[in-house]
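Trainee: Sequence:
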Amino acid sequence: MTATQPAPAAPPTDAPTSIFDPTLRSVTIGLLALVFLGAFEALALTTVMPAIAADLDGTAWYAMAFTVTMGSGIATLAFAGALADRRGPALPLGLGVALQAAGLVGAALAPTMTAFLLARVLQGVGAGLAVVALYVVANRAFPAALHTKIFAAFATAWLLPSMVGPLAAGTIEQLWGWRWVFGAALVVLALATVALRPVLLPRTVAAPSDPSDALGDLSSAPGTGVPPWPRRAIAVSVLLAVLVIAVNAVAETPGAWRLLGVLGLIAVLVALRPLVPVGTLRARAGLPAPIAMRGLAFAAFAGAEIYVPRLLVEERHLTPTQAGLALSLAGVAWCLASGAQGRWEQRLPLRPTLTTGAALIATGTASAVGVATLDLPWWVLMAGWTLVGTGMGTIYPRLTTVALGQAPAGQDGFVSSALQTVDNVGAAAALAASAIVFATVGAVSVTAGYAACFLLSTAAATLALLVTTRVRPGPNPHETGSHASDPD
0 MTATQPAPAA PPTDAPTSIF DPTLRSVTIG LLALVFLGAF EALALTTVMP
50 AIAADLDGTA WYAMAFTVTM GSGIATLAFA GALADRRGPA LPLGLGVALQ
100 AAGLVGAALA PTMTAFLLAR VLQGVGAGLA VVALYVVANR AFPAALHTKI
150 FAAFATAWLL PSMVGPLAAG TIEQLWGWRW VFGAALVVLA LATVALRPVL
200 LPRTVAAPSD PSDALGDLSS APGTGVPPWP RRAIAVSVLL AVLVIAVNAV
250 AETPGAWRLL GVLGLIAVLV ALRPLVPVGT LRARAGLPAP IAMRGLAFAA
300 FAGAEIYVPR LLVEERHLTP TQAGLALSLA GVAWCLASGA QGRWEQRLPL
350 RPTLTTGAAL IATGTASAVG VATLDLPWWV LMAGWTLVGT GMGTIYPRLT
400 TVALGQAPAG QDGFVSSALQ TVDNVGAAAA LAASAIVFAT VGAVSVTAGY
450 AACFLLSTAA ATLALLVTTR VRPGPNPHET GSHASDPD
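Taking numbering that gives the first Met the number 0, I'd label the letters of the sequence shown as residues 0 to 487.
To be clear, the hints were calculated from the coordinates, so they are not data collected in a lab. Note that beta-carbon positions come from the ideal geometry of N, C-alpha and C, so glycine has one too. Incorrect hints may have been included.
As the list claims (entries may be wrong) - Label-pair ranges, simulated between beta-carbon atoms:
| # | residue 1 | residue 2 | range |
| --- | --- | --- | --- |
| 1 | Gly169 | Ala101 | 31 to 39 Å |
| 2 | Arg471 | Tyr61 | 40 to 48 Å |
| 3 | Tyr61 | Thr439 | 18 to 26 Å |
| 4 | Arg231 | Thr16 | 40 to 48 Å |
Build the full structure now, drawing on both the sequences and the hints.
Mentor: What follows is the structure, encoded as structure tokens:
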């Protein structure tokens, strides 16, 4: 802070200091329950999908059960952000919860694989609407001093299902059948809905002198006027979803089809431009930089993650349970690092923190290259992937806080949508690129195939490390009156 800048106003003495403050507790529980549901549903499906495919005679559509949900979610992100900016987060959140409920019921009752896939589309649309609204609610309902804490809590809520979700889903499937797994998810969704009543059914805003209304007015963000509908961005998001599904579908096909996959990846990057702030693909300093860095980091993580247990099982001859320990260690490390950021944010300067986190991710993925090519022991990969989890947990809540803190007035829905878009597209593009590389290089040498995939992730992590120099804390545009680029 320079000598000419006024000191920031001290927060009100009665402002909440904990995300579980009585005025915020219900909303916090509801938000965390939705995050928990997303993780549980994803992990549970992975566990019971073999039984579903066998029961519904849908083995040929096995992978599509995952990709249609991802694609339909991407298709709704721009619409969800625009709706939150125009009408507040309650409407997209309510629609998202309702569609997720319909999808869970449809999946539980599906008589055929076609019906099951349609239910998965409903779940994806609902999740896309809800996750954007979830971040907008967090940004508007919680004081700025608690933003990193609530985003760090999201990581914990995501970790818990990774520890108990597969076991719980497997147990439910064995005792009562796979359909009841979706029933269990529906119970979690119902609990989240009850807890989120203050958001879904907002009351009249209390007078400014009344400090008891900690949630304030979530119906609109500060600013002037109503932002226009980004029709082009909404249309492009649907096209992007189709491209993502198509690219992943052809990624592992032989011959010329892989070339189409490469061309599809280029088309995905082009289609991404209208859905993020101008300058994001160049990682321009300011608002675009933290969004770009988050997409690169998640691409590095997702592109390598699926090959870590595969290498440990196929090349180091560990059991699947032993190999899965690498993913569990990374998940725990992610959670602990996020918790540290939420607790000690004020003591940890932004740029050194982001630099350290990105360096940990790059070091961890590079260790995977060493294990693949230099015949290093398996525990090196375990330790390296733990570093990756630590790095992700270090940067994620801080990048989210920085990006939403720089969202211009009335556009935190757009920024939330952009964050979710780069996460999903980064992961999908990285998975497709890794599949193409592994299928191509691995045909010559399996070891070289693993190394090439991990090198791709190391390159993405290195780019994220370079972007840290362009990420900077800035004044909240809600207060300064600055304007972002037109999301359209």
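Trainee: Hint by hint, note whether the structure agrees.
Mentor: Tested hints:
Under the hint 31 to 39 Å, the C-beta atoms of Gly169 and Ala101, about 26 Å apart, miss the expected range. Taking the beta carbon of each, Arg471 and Tyr61 are about 45 Å apart, inside 40 to 48 Å as hinted. The hinted range of 18 to 26 Å is satisfied by Tyr61 and Thr439, whose Cβ atoms lie roughly 23 Å apart. In this structure the hint that Arg231 and Thr16 lie 40 to 48 Å apart at CB holds, the actual value being about 43 Å.
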